[in-house]
Amino acid sequence: MNSQARLDAFLVAFNDKEDYVQGHNIGRDMLLNGENRKLAKLFASLSGLAEQFSKGKKQGFLKFEKMALKQLEEMPEHPFDEKDLLRQINDLNTLCVSSKNQTVPLKLRVK
Numbered sequence: 005m006n007s008q009a010r011l012d013a014f015l016v017a018f019n020d021k022e023d024y025v026q027g028h029n030i031g032r033d034m035l036l037n038g039e040n041r042k043l044a045k046l047f048a049s050l051s052g053l054a055e056q057f058s059k060g061k062k063q064g065f066l067k068f069e070k071m072a073l074k075q076l077e078e079m080p081e082h083p084f085d086e087k088d089l090l091r092q093i094n095d096l097n098t099l100c101v102s103s104k105n106q107t108v109p110l111k112l113r114v115k
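Under the numbering used here, the first residue of the sequence shown carries the number 5, and numbering increases by one thereafter.
Everything labelled a hint here was simulated from the structure, so no lab data went into it.
Where a beta carbon is used, it is the ideal one built from N, C-alpha and C, also for glycine.
Not one of these hints is a red herring.
Have a look at the derived ranges for each label pair, beta carbon to beta carbon:
no.: 1; residue 1: 114; residue 2: 37; range: 15 to 23 Å
no.: 2; residue 1: 94; residue 2: 39; range: 23 to 31 Å
no.: 3; residue 1: 12; residue 2: 63; range: 28 to 36 Å
no.: 4; residue 1: 19; residue 2: 39; range: 18 to 26 Å
Based on the provided sequences and hints, a complete structural model is requested.
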């Protein structure tokens with residue numbers, strides 16, 4: 005699967021299905037296959053961030069938030085609308101509470 009196909013599959017899993025485990029698995033498969041390591045890690049971090057938020061696990065969310073923000077900073081050529089993504093992550097941080105099964109109001113947009 006090429007990079008665009010991986011991105012498309014990730015966006016469907018993340019945005020449409022809200023299947024963050026599948027999104028994480030796409031990133032893991034990319035790492036195992038030696039494909040775009042930085043993007044694979046970003047996929048995994050964003051999936052982890054959303055999964056932890058949906059389960060109301062604030063500490064886990066904060067861990068993945070920190071990783072995702074660092075990866076975005078280190079990867080200037082990622083496919084996402086950075087300004088929009090940073091705003092949404094900040095909004096999630098504000099909403100992060102301890103109740104489980106929250107809907108994750110995070111939708112990734114490409115540039």
